[in-house]
Amino acid sequence: MKKIWIGVGLACAMTLAGCGGSNAPESAKKEAAAPAAPAGGGTGVPDEANGATITGKVAFDGTKPVMKTIDMSAVPACMRAHTTPQKSEEVVVNDNNTLKNVFVWVKAGLPDQNWQVPTTAVQLDQSGCMYKPHVIGVMAGQNIEVKNDDPTNHNIHPQPTVNQDWNESQAPGSEPKMKSFPRQEVMVPVKCNIHPWMRAYIGVVSHPFFAVTGDDGTFTLKGLPPGTYTVEIVHERYGKQEQQVTVGAKESKTLDFTVKG
Amino acid sequence: MSDQDQDKDPVVHSSLSKPLYFWSALLVLSMVWGLYDEMYGIRPWKSYEARFQKLYARYLANAKVDEVTFEKQIRSAPEYRRLDGATQAAEKAAMPAASAIDKQVNQDLVPKILALNDPFQEVRSHIGSLTYEIEVSKSESRKDSLRKQIVELKNEVHKVRLPDGERPMKFAEMDQQLKDWKNEKATLLQKRVEVMKQADDLRKQRDKYLSDRIPNASADTITAVENSLANFDIRIRQIHIKDVDLVDRCESCHLGTREPVVLTPAAMGGEGVFASHPNKEMLKIHDPEKFGCTPCHGGNGVALSSVEKAHGYNKYWLWPLHHKENIDAGCQQCHAREIVTEMAGGLNDGREIFRLRGCMACHRYEGFDRDADESTSVNQQIRQLDQQKAEWLRDAGFKEQKANNPRTSDADAKKLFSEVNDLKVRSSGIDAKIEQLDMRSASLVREMKKVGPSLKEVRMKLRKEWLPVWLKDPHAWREGTKMPTFRLDDDEIKAIAAFIWQSGVQGAPLPQQKPGDPEKGKEAFETRGCMACHSMGEGAQKQGGTFAANLSREGEKANYDYLVRWVHNPRQRTLPYCAFEKKDLTAEDYQKHGQPFVFDLEHTKCPNDGHELQVQQMTPMPSLRLTEDEARDVASYLMTRKRGNATYQNADYLDDPALKNKGLDKVRFYGCAGCHEIAGLEEEQRIGTELTKEGSKPIERLDFALLGHKAEEEGWETHKGFFEHKLANPAVYDQGKEKAKQDRLKMPNFNLSKPEIDAVTTFLEGSVDASVPARYFYAPPDQRQDIIDGWWVVRKYNCMGCHRVHVAQTTIFDTLPRYQDPDWKDQKPPTLIGEGARVNPEWLMRFLNNPALSETDTNRDGVRQYLRVRMPTFSFSDGEIRKLVRFFEALSSQAQPFIAEKLEPLTDQERTMARQLFTSEGAPCLKCHMTGDPKHDVRATAPNFTVAKERLKPGWTKRWMLDPALMSPGTAMPSGLFRREADRWVFAGPTPASFNGYPKDHAELLVRYMFQFTPDELNRLRAGAGK
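Top to bottom, those sequences are chains B and E.
Okay, so the first sequence: first residue is 1 according to our numbering, each after it adds one.
Okay, so the second sequence: first residue is 262 according to our numbering, each after it adds one.
Keep in mind that the hints were calculated from the coordinates and are not lab data.
Incorrect hints may have been included.
Stated by the list, open to error - Only some residues are given here: those of chain E computed to face chain B with a beta carbon under 8 Å:
#, residue
1, Pro-1016
2, Pro-1185
3, Arg-1200
4, Pro-1230
5, Ser-1236
Positions of the beta carbon are idealized from the N, C-alpha and C atoms, including for glycine.
Starting from the given sequences, assemble the full structure and let the hints guide the process.
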């Protein structure tokens, strides 16, 4: 019986070799190429010379809410760091009636590609028992340098939903911690269990087109490739808003948002 | 033959070559076909094997390329290169010494030992044979002569040829020399190990570095698999388990099942048949070599001729392969005594629905009536023991009589008296046993619960008009309710409602409650823990648990005064029930005996006959230890839960006595008393068929009625098909039948969703007469039995609504929007994974019995007073507490009974150090942990240290401090408080000066300090910290 098989097998093998051989290496190359890309650091960088720029501001419409005064009396070390009582940074309305600490990012519309992760770390300080700044943006995989400037122990406890939760103690005077989040997540709340009033938010984005509004309530997204984008703003109390915008090469567009208080 | 001749010859002229050619061609074709069929047609597995080999080889070649590049990357990492370099350097350094040893051993010692061994063994065996002769010889003179021979032999000088020349040696010399050389060899080899130790350690480190970074099969493994694939032969692959007579040939086609390289369908060109078993862990526990495939999966393991036959989907095969959605069905036959089986989620869901939705109230299922069955067994045991005791005492009496008889001899009398005493002592042992059983029997009265609410209380609890509306279609009124929809006509509804209303008991009038604050009540409802079992909101707005009722329309049906009582203590009963008299007792029964009308868990005896009373509502709902004000707030909130437009028609006919008897018949007919307590129907029997072995009931005994042909045509004339159709529409097999109302199928519609139907089908499909011998059944003889028993209690009271009890489980709190907020996340009830290792079991017993841990201050949680949610009082029986404690202990593999670990006492210096650390700015302990200062404690997120000593185990406490996230990911307690320094843990922050030069483990110091922590110590610390 075996002999028959060898005969039949020979004939089959020839035909099979013809079709089986050609496909395999090709698919192998594809599979090998895909996972290698992010590990290598990505390719794309924002082209600030030829790309488009979106600027805008987040206006605040309504009466300025009165923020709670933070009671640090339980921890004298925190009290001593301030001469005046600190207010919660949940809502900060600038003097020009714009909203501070709004995270702005391109939610959709970018080409399907990898972007280079900056090698510089983003700072998140614990100073006077407050997180500084209150809202930061990073790229997925980019380092966040967490420092403790206070004479007291802190713990940093981000509570992401699609990244891993971690909670680490940082003693006064100890080395800064280098941390990163591998997956896109807007926003990751950060708290300190020891000083429950401390709160920060981190927007983790898989590309470099994001910003946080500052003291003038403006933001700038530079170096975007031409295209149509959904730009979203996220605020811890007032939630999310989005707008569509189409930009061409080297074009600058203004995109203003208004948040109702 | 010439052409001319041919023309003339009729034989030649009428040629047969065409038919001959035709038939021979046919013969050849049929032979080819025959061969093909023999080799391929009836052996489809052969082509599977050929395809597998091809696809697998292709996949391996691809995988290897990636893997080699991947491993090359790892090998080029600086750490690997360092280890590799160090390994080689160490090897090189050790080599001269090692090869010197090798040379000495191999070239000198080994030849010498070999040369000496033969002559030595020869003499020794000679001596041995002479010694044996001495032992068997009978004559002393012969023995003496043999002894002499031995002495001569020992003194004889042998010329031993050694590598370095001949040497004369006596036996003793040879013996000694051989021992010396062997010792020398052993010493040298030991030395070699020491010389090479550094290099070996480094090599292990290097290899570990590599293997730690390879998630899949390594390139070496792939090469090995490729090599074995080169010798792949096409043959039947079978598992044969002799003692069970099981032959499974599944792997003749499912070739990737146990491959060392994990194969996905995508990797095998989309052919799922070649994929690896998806659960390696499962295969480890149930090794196919021991269990085969079909006992779990079903199918016909022997069949190879077609996929349909091998999978057992052909007609009359009793155990078809379980479909994907019922894959866990195979677990049930061996795990029949469990309510929770690990890794069998679908089956667990099915069992839970069967229990919780009340299927078991009409259908007996062996093992599900644990309380009732145990109760019967306990009572039977008590009777037997009573009998045994009486027998022994009677025997003792006879013996005593005989012993007292003067004609009995002293010796006999003494013997008899001792026998009498033995019997008496043994019967006293029976007393102890009966005492335990009596206690168990009383416990069991408390443990028995009903699926639905008691209908004895309807008159106090409900609005009369609501009853008929509810009966008509419970699901229309409250979507997803446990109560199923019966096929009732309006007359039946009227009669049943009237009977229920009129059979309700009448207690003393309820005290009139003042209104509460619905706003506060809402907050309490949402944060105290009610929603772990109850849901609120309808449709997409629905939030909360499914264990108990949705309360969105509670205000339409309930009586406020009753609701307040219920929220305050759901177990409070209007009248106690005496199962012996079969009667609800009233105040008069107590009066007759001059007793106050008091019945609760301290007063459980019937005044009439002393039997154990049912003094509680038979609900698993616990008391949340709310204050009366809080209960009024919650009840007031619930009373606001109603639809604005709901109207109810007058239902005064409920008081019509003429309807009562008709209603009683209907209530009996539909088996209402299976789920509800109904006055007068406490002893009703089940009305449904037993389902313990329903999955292996012969198919012809499942009544498809008029749908038989349709089922056959559509391919669902199987157990699975029968169950699915019945569960989706319990009346389905009445379709087209001409039946009188009382003959119609009674089963009501449970409005199960598709996943729920799948789960129950899984459970029923698995409920079979086992195909394997009983020794395969899961009946562990050790602590694992405690786990099986514990799960029943855990499920019964829905512990998992609040707590994570095992990994990969979410709680209701994880789903509530409020608890997604970072601040509220810390308000979730604690996880119980590892609870047995964490807490002292004696403490746990106390806590389960009284979670306030206080007799007087009950409006609190005993441990975590900062939590808004609160561990309720379940009024567990002793038996349930025992089971729960053992369950947690067993899950954490704790030895029983518990013996506390002895801790080294603190020196005065250590106490001072620990105090300083506790209050230093670097150590945040008292920031989060409760201190007893009410101002601080409202913001605390961790328990008070004063309970640690009673509550915790020291070993766990240390492990927790070192890395809490490992045990409880997401916990508020931070990691990284300690760092490793040499072989001890030291505090990671700045330590007080007193720690300078302290050589011991800091974490251990804090544990020892914590375990002698007292309230006084805490006050002292607080004072010291200036707070």
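Verification of the hints:
no., hint, verdict
1, Pro-1016, "violated (24 Å)"
2, Pro-1185, "holds (4 Å)"
3, Arg-1200, "holds (6 Å)"
4, Pro-1230, "holds (6 Å)"
5, Ser-1236, "holds (5 Å)"
Consistency note: the structure conflicts with earlier hint 1 alone.
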